[in-house]
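S.K.: Chain residues, written in single-letter form:
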Amino acid sequence: MRRRLLATGVLFVFAAASGGCRGAQSALNPHGPEARELAWLFWFFLAILAAVWFAVVAALLFALIRRRFPVREHSMTRIVGALVGATAIILLVLTGLSYRTQSQLYGQEVTAPVTIHLTGHQWWWEIEYESSNPSQTFTTANEIHVPLNRQIRLKLTSSDVIHSFWVPTVFGKMDLIPGVKNEIRFTVDKPGVLRGQCAEFCGFQHAHMSLLLIAEDPATFAKWRNSQLRSRLPPASSEGEKIFLGKPCATCHTIRGTPAGGRFGPDLTHFGSRKTIAAGTLLLTRGAIAGWIVDPQSTKPGANMPAVDLTPQETLALTDYLEGLR
Amino acid sequence: MILTASVLAVGCEREDRIFRTPPGEIPAPPRVQVTSLSPGPAPAPSEPGRKYQRNAYQLSQGKQLFRVMNCNGCHSTGGGGMGPALMNDHWIYGSSIENIFSTIRDGRPNGMPSFRNRATTEQIWQLAAYVRSVAALVPRDAAPGRDDGLWTRPAENRLPRTHPDNGGNAAAADWRD
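Here the protein sequences line up with chains L and R, keeping their order. Quick note on numbering: the first sequence equals residues 31 to 356 in the numbering used here. Quick note on numbering: the second sequence equals residues 1284 to 1460 in the numbering used here.
Mixed in with the good hints, there may be bad ones.
Facing chain R, a subset of chain L residues (Cβ under 10 Å, in silico) [to be verified]: (1) 66; (2) 69; (3) 70; (4) 189; (5) 190; (6) 248; (7) 249; (8) 252; (9) 281; (10) 332; (11) 337; (12) 338; (13) 339.
Ranges of calculated distance between the beta carbons of each label pair, as one might list FRET restraints [said to hold, decoys possible]: (14) L:137 x R:1290: 49 to 57 Å; (15) L:231 x R:1438: 18 to 26 Å; (16) R:1443 x L:233: 30 to 38 Å; (17) R:1288 x L:231: 24 to 32 Å; (18) R:1438 x L:209: 12 to 20 Å; (19) R:1366 x L:189: 19 to 27 Å; (20) R:1429 x L:54: 32 to 40 Å; (21) L:342 x R:1435: 28 to 36 Å; (22) R:1303 x L:313: 51 to 59 Å; (23) R:1429 x L:133: 34 to 42 Å; (24) R:1288 x L:96: 49 to 57 Å; (25) R:1394 x L:313: 42 to 50 Å; (26) R:1291 x L:356: 49 to 57 Å; (27) L:252 x R:1366: 42 to 50 Å.
Quick caveat, the hints were computed from the structure, so don't treat them as lab data. If you're wondering where the values come from, they're calculated on a predicted model, not measured in any experiment. Positions of the beta carbon are idealized from the N, C-alpha and C atoms, including for glycine.
My request is simple: use the sequences and hints to build the entire structure.
M.R.: Structure follows, in structure tokens:
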């Protein structure tokens, strides 16, 4: 009976733990060499520490059952001395391994990378693709696309408070600090839609500040990049655009190809091509867009997006327009 | 002990942070005739005017908008530049929050643009409240105490209080009204 209970318990713990090994936001589901290094470090630490823990518990049980240790004082001293030595060696080895991984992760050479500036805002991510040719740079938000098997160089900074970039499937955490440029370099070698989240408490909507990192083959990436470089395509009906430009929307948002050039909110030039809105808070659907425009503060209280007074007809036209920005 | 606890308890819930205002429900002062002669009729003190300038959250949102909407492009951080200074006692178009609301929404001659349809009613109230804090006309415990950029003057909650000298026939208003 007891053995079955124990087996069930162990199974349950393993099932719960392995649930974290899959998924788009798990450090144990590595999608690149750096993340694989970190995952390996985790499993190695886990194995060593588990072995130590089992040894300690076994010794404890042995002591409980035997009550009296059948050895003399001075051999006891020798055993304790040996165990202290073993502990010191294990700690040194583990420390050395984590230093080695750290220097591998942060000491990479720069090889013709895709360079992306990531700026943290309360509560969304501004993404700017850098290029030596100014006509090849563009700005987007909350969705990073990267090509497979090519070094990605992320330059991180913030416009207000400290945020932290963390896409566990590709790299560890790195802070975004106002006035400071941090940099990380990594490679993604497995395609996927990966999720990341702000990992430093940054205000009311910290929990609703996530981003997607989409790793795709170089051809798809090039196609995406070219489509993002374009100005917005002329909309089917000009009504929605007129409303966008005539209302406070244009004060904070940019839509390239129109006079709207605000820099305070996310760039909406290709808004309809993204998977989510409001920094990963809602999936991009017609209903979500309309709901977000009409009442952003019930979805994301405290966000800087104000509720704009619109008639139902205006809301529908604006929703159509935004959805069509692909 | 009980006294300390009750004193501490008073400090809780100092103010409400109201994020969500149902659309179309924030009253605004009537539209003014934009002439260079007068700031318009003396506006009646309004409920949002009273509330916004006593609320630290609304004031700090106003402070953020002051930069985002490029008010500082002309008024600097309150010391003025291309536009008039906001931190002195001289108010051409009235110092009450309702006057300032009208100034922002409808614009004024000689350069002040209208922000009608460029900012929501709520944002204009936040901005108007913040403009008053630059002249230290709001309660000190609500005025912003920090700055995102370099300091060019003491924080709004440490500025010396001014005594508004209103232009035209605008009523001198006070947050204590």
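S.K.: So, for every hint listed, does it hold in this structure?
M.R.: Status of the hints after comparison with the structure:
no., hint, result
1, 66, "39 Å, violated"
2, 69, "38 Å, violated"
3, 70, "41 Å, violated"
4, 189, "8 Å, holds"
5, 190, "6 Å, holds"
6, 248, "38 Å, violated"
7, 249, "39 Å, violated"
8, 252, "35 Å, violated"
9, 281, "5 Å, holds"
10, 332, "5 Å, holds"
11, 337, "5 Å, holds"
12, 338, "6 Å, holds"
13, 339, "5 Å, holds"
14, L:137 x R:1290: 49 to 57 Å, "55 Å, holds"
15, L:231 x R:1438: 18 to 26 Å, "24 Å, holds"
16, R:1443 x L:233: 30 to 38 Å, "31 Å, holds"
17, R:1288 x L:231: 24 to 32 Å, "28 Å, holds"
18, R:1438 x L:209: 12 to 20 Å, "19 Å, holds"
19, R:1366 x L:189: 19 to 27 Å, "25 Å, holds"
20, R:1429 x L:54: 32 to 40 Å, "37 Å, holds"
21, L:342 x R:1435: 28 to 36 Å, "46 Å, violated"
22, R:1303 x L:313: 51 to 59 Å, "22 Å, violated"
23, R:1429 x L:133: 34 to 42 Å, "38 Å, holds"
24, R:1288 x L:96: 49 to 57 Å, "55 Å, holds"
25, R:1394 x L:313: 42 to 50 Å, "45 Å, holds"
26, R:1291 x L:356: 49 to 57 Å, "55 Å, holds"
27, L:252 x R:1366: 42 to 50 Å, "47 Å, holds"
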